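Chains as they are written, first to last, in this note's numbering: chain A, 44 to 190; chain B, 11 to 157.
Derived from the structure by calculation, the hints contain no laboratory data. Among the hints, erroneous ones may be present.
Stated by the list, open to error - Ranges between beta-carbon positions, derived for each pair:
no., chain 1, residue 1, chain 2, residue 2, range
1, A, Pro181, B, Phe79, 26 to 34 Å
2, A, Gly178, B, Leu30, 15 to 23 Å
3, B, Tyr106, A, Arg182, 36 to 44 Å
4, A, Ser155, B, Ser114, 36 to 44 Å
What the hints assert, rightly or not - Stretches of chain A that chain B covers, calculated by requiring three or more beta carbons in the stretch to come under 8 Å of a beta carbon on chain B:
no., stretch
5, 82–96
6, 121–135
7, 142–150
8, 159–171
9, 176–183
As the structure is a computational prediction, the values presented were derived from the model and not from experiment. The beta carbon of each residue, even a glycine, is placed where N, CA and C say it ideally should be.
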Amino acid sequence: MPAKVAGAGASSSSAPLTVPAPRPPVIAGTLYRGHEGMWSWVLHRITGVAIYFFLLVHILDTALVRVSPEAYNVVIESYKTPIMGLGELALVGAIGFHALNGLRIILVDFWSVGTRHQRALFWGVLGLWAVLMIGFAPRHLIHVFGG
Amino acid sequence: MTTIDAPRSSAARTRSGMNLEKWGWMYMRASGVVLVVLIFGHLFVNLVAGDGVSQIDFAFVAGKLSDPFWQVWDTLLLWLALIHGANGMRTLVNDYVTKPKVRSALHFALASSTAVLLILGTLVIYTFDPCPAGADPELIASFCSTL
Numbered sequence: 044m045p046a047k048v049a050g051a052g053a054s055s056s057s058a059p060l061t062v063p064a065p066r067p068p069v070i071a072g073t074l075y076r077g078h079e080g081m082w083s084w085v086l087h088r089i090t091g092v093a094i095y096f097f098l099l100v101h102i103l104d105t106a107l108v109r110v111s112p113e114a115y116n117v118v119i120e121s122y123k124t125p126i127m128g129l130g131e132l133a134l135v136g137a138i139g140f141h142a143l144n145g146l147r148i149i150l151v152d153f154w155s156v157g158t159r160h161q162r163a164l165f166w167g168v169l170g171l172w173a174v175l176m177i178g179f180a181p182r183h184l185i186h187v188f189g190g
Numbered sequence: 011m012t013t014i015d016a017p018r019s020s021a022a023r024t025r026s027g028m029n030l031e032k033w034g035w036m037y038m039r040a041s042g043v044v045l046v047v048l049i050f051g052h053l054f055v056n057l058v059a060g061d062g063v064s065q066i067d068f069a070f071v072a073g074k075l076s077d078p079f080w081q082v083w084d085t086l087l088l089w090l091a092l093i094h095g096a097n098g099m100r101t102l103v104n105d106y107v108t109k110p111k112v113r114s115a116l117h118f119a120l121a122s123s124t125a126v127l128l129i130l131g132t133l134v135i136y137t138f139d140p141c142p143a144g145a146d147p148e149l150i151a152s153f154c155s156t157l
């Protein structure tokens with residue numbers, strides 16, 4: 044219930060201030076906050092680290108083109124195996140999330156109403172990510188497992 | 011009317027010069043937007059178009075890296091992505107590593123690995139020979155035979 048306090052200070056004619064009652068506690072398990080904002084932050088970190096370590100490996104494997112055609116082809120063949128094919132699906136999933144959530148962070152930072160809509164923006168990120176993966180996954184899996 | 015002094019300690023630091031952390035923050039957002047375009051383009055050409063991952067071999071990379079368009083694309087990708095990733099890792103080190111010596115060691119490892127990979131990657135892009143002398147004609151691009 045909102046409690047009413049009299050307007051303090053010189054202007055006694057102003058409307059009394061309305062102080063909202065404290066919100067009832069929200070049970071969110073033992074997680075810190077545990078809502079969209081936290082999951083956005085957690086997933087952004089995890090996907091970022093994963094992409095970073097792949098990038099280190101990817102620069103080195105591509106540098107093999109400077110060694111010899113044979114050296115590059117031997118290593119790149121391993122990217123076409125079933126296990127690595129699934130790894131590439133996970134990698135594209137991580138990149139897709141990190142990219143879309145990064146754009147969400149920019150909107151929260153620079154768009155005047157971005158902060159107010161940060162939760163809706165997170166669900167928008169998940170929706171666009173799902174569309175992206177539904178488009179990419181079948182095509183990539185056919186490239187890896189198909190004839 | 012009483013005036014309350016600004017609660018400033020005489021020991022408070024006064025900032026002068028440019029704020030590097032602010033520019034780091036700006037870099038993550040600016041490079042992030044460009045990287046969304048560069049990486050989605052990279053993934054489309056390499057994993058979605060044509061035969062996807064199964065088309066990638068030395069001749070495929072040679073075809074791309076002999077085109078100035080992809081040389082510039084890959085150079086931007088290398089520099090923007092690796093610095094973005096290393097700066098993100100620096101954020102995690104600052105958040106989770108509290109021992110000063112370990113922090114310094116990790117900062118040094120990030121900076122030095124980034125410098126080495128930027129130089130290596132750039133040299134690979136601009137010193138790459140798509141038709142190396144004496145290479146197996148089966149492994150190199152078809153346009154090599156017309157040279």
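Hint check:
no., hint, result
1, Pro181(A) with Phe79(B): 26 to 34 Å, "holds (29 Å)"
2, Gly178(A) with Leu30(B): 15 to 23 Å, "violated (40 Å)"
3, Tyr106(B) with Arg182(A): 36 to 44 Å, "holds (38 Å)"
4, Ser155(A) with Ser114(B): 36 to 44 Å, "holds (40 Å)"
5, 82–96, "holds (count 5)"
6, 121–135, "holds (count 5)"
7, 142–150, "holds (count 5)"
8, 159–171, "violated (count 0)"
9, 176–183, "holds (count 3)"
The structure does not agree with the numbered hints 2, 8 stated previously, though it agrees with the rest.
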